[in-house]
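Chain residues, written in single-letter form:
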Amino acid sequence: MTERQWQYNFGFLDENTKRMLRRGLLKAVAIPGYQVPFGSREMPLPYGWGTGGIQLTASIIGKSDVLKVIDQGADDTTNAVNIRRFFARVTGVATTTRTADATLIQTRHRIPETALCEGQIMVFQVPEPEPLRTLEASEVETRKLHAHQEYGLMHVKLYEDIARFGHVATSYDYPVLVNGRYLASPSPIPKFDNPKLDRSPALMLFGAGREKRLYAIPPYTAVESLAFEDHPFAVQRWPHVCALCGSGDSYLDEIITDDAGHRLFVCSDSDYCQAQRTLQEGMA
Amino acid sequence: MYVAVKGGEQAIARSWDLLAASRRGDPRLLELELAQIREQMRLAVARVMLEGSLYDENLAALALKQAAGDAVEAIFLLRAFRTTLPRLATSLPLDTGAMRVRRRISGTFKDVPGGQILGPTADYTQRLLDFSLAQSGAEADCAEDHDPLPHPLPNVLDTLAREGLIEAETIPVGDPEPPDLTRSPLMFPASRPARLQNLARADEGWLLGLAYATQRGYAESHPFAGEIRMGEVGVSVCPPELGFEIDIGAITLTECQMINQFAGSKTAPPQFTRGYGLSFGEAERKAMAMALVDRSLRAEELGEDQLAPTQQQEFVLYHSDNVEASGFVQHLKLPHYVDFQAELALIRTLRQQAADLSQQETRHD
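Keeping their order, the protein sequence lines are chains Y and V. At position 208 of the first sequence (counting the first as 1) the number is 208 in our numbering, and the numbers step up by one without a gap. At position 352 of the second sequence (counting the first as 1) the number is 1352 in our numbering, and the numbers step up by one without a gap.
Read the hints as simulated data drawn from the structure, not as lab findings. Every value quoted in this text rests on a predicted model; they were computed, and no experiment measured them. We put the beta carbon where it would ideally sit given N, CA and C, even for glycine. You may find that some hints are simply not true.
[Claimed, not checked] Below, a list of computed lysine-lysine pairs in the DSS-like style, where the Cα atoms sit at most 30 Å apart:
1) Y:157 - V:1065
2) Y:144 - Y:27
3) V:1333 - Y:196
[To be verified] Covered stretches of chain Y (chain V as the covering partner; in silico rule of three or more C-beta atoms under 8 Å from a C-beta of chain V):
4) 23-35
5) 195-208
[Said to hold, decoys possible] Far from chain Y by the CB rule (all over 10 Å, computed), these chain V residues:
6) 1152
7) 1183
8) 1186
9) 1213
10) 1250
11) 1331
12) 1339
Construct the complete structure from the given sequences, taking the supplied hints into account.
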């Protein structure tokens, strides 16, 4: 067999596939929080590693876009590096680590600390798009529950947490009600990030490749984290500040520094942390 | 002072080099050629083509070489390649009745028209390690067949069908186009064409385990191997602009028709029912397992109880794909620091609460 060199299309996907995805996205934007089934393609990255997000990014990325890819809030984690390299290879677009400079941000597990603005698009990688899945295994049943807006199961689960622990024991992938209608998974972001979804000026797109679903939160859409009047929603707080930049309002990662169990708490958002430090150096 | 972990890019590049070196192994030995894999590892090639959903022996051999023999990784490589290929044409339905049969057996009749034909099977080899294969150079002598096999070979189940003892296989009204699971998502309840497509792509190990479970009481299917046949089947297309059929080649297939008991229902008299399995290449284990699982998934349509997992479409079909399963199981290797940090904070809070509570209780005592 002779060696054949394949020329991949801009963004890897063929134009018909991109069109199928964009039609799905239009439907998703029209029905905020509704999970749209789509003909997910097999991507050259493993399922569970961001194939949904990659397909969404591939379907909307243009030559003038500036792409940022983060995993756990950081640009330099191996999976983020790998996905950024993939897009650099198949599109040649500019990439950045700076949140403010990016037009398109693909993320796994975090929303950047720097506030997003109009015109920016966030693409979330979603492992399990169905917020009710752990409570009801059958897709046939969960689709019915959404159709009837029957979310009692989730409220009972939250209530049981409160009865048992005194507070809701969900710390990430905390369920949200989008536009007062559809219960949705914000993807496994810490609940710390949930308030950033509410009425965000940026467009939020969610892709689940393995489960073949996509959904969206259009700009300025109301996103409510489920709670009770007497047990309002609250986010994580730390008794420390970031050991590197001193920030007191960012999400912190815990790092074990030696065998004696010493720990450091630092910003999970590496770009934000760097920007804070640069700012301080400038002032000093 | 903590230094942020940088250099992911360099580490990835280095891991590629290490992977290439470990794939090659001892460089003093000859490198594997694709033709060797294609000819001498043909069952591995067949599995990769089947679960990779692409009939191309050379590409499957390349995938196996690149994956160092890891079937699931090779399947993944082939799938990721085929995903962007344009669809030039759709073949006409294959006629397995017109197969150039190399093997055909039936477990339901002692003799069948055309006879029982063992063909190249390992079934009666006694599974003793053949140390003569340890040395290369041994010729595989195979005398030419003097009696050519009858062609075409009638299907064993047709005899039963003529008597009405087994359900008829009729083309549905309007002969609707089957769904393409690589182009549209699997939705439930899944039609039989969608289920069969999923099962054909399904992981062989998953199907084998489920099929075995149907025999051990998880679904009542009472199967008999009505007919298993393997050989070459012609593939043809009929381009609309030409309006006539063009033979584009032949592929090797294994087909299994299981016969299952059925007690009958309000609308149907007692009769035998069918389970169907089809695979690329010589893949009999896969075809048989597929036929058993196809039958157990027909429980709803035949009005049978659906108590066993093997009868539940969502359970069987959602978890059958090894590329999906392998990716998701292994995604746990990816960093989860952020979520884990959230869980750490939560568990510390819960432990503190529990400690406070037990302290209060001690004071009360």
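Each hint, compared with the structure:
no., hint, verdict
1, Y:157 - V:1065, "violated (49 Å)"
2, Y:144 - Y:27, "holds (19 Å)"
3, V:1333 - Y:196, "holds (28 Å)"
4, 23-35, "violated (count 0)"
5, 195-208, "violated (count 0)"
6, 1152, "holds (33 Å)"
7, 1183, "violated (5 Å)"
8, 1186, "violated (7 Å)"
9, 1213, "holds (18 Å)"
10, 1250, "holds (19 Å)"
11, 1331, "violated (3 Å)"
12, 1339, "violated (4 Å)"
Going through the hint list in order, the structure does not satisfy hints 1, 4, 5, 7, 8, 11, 12.
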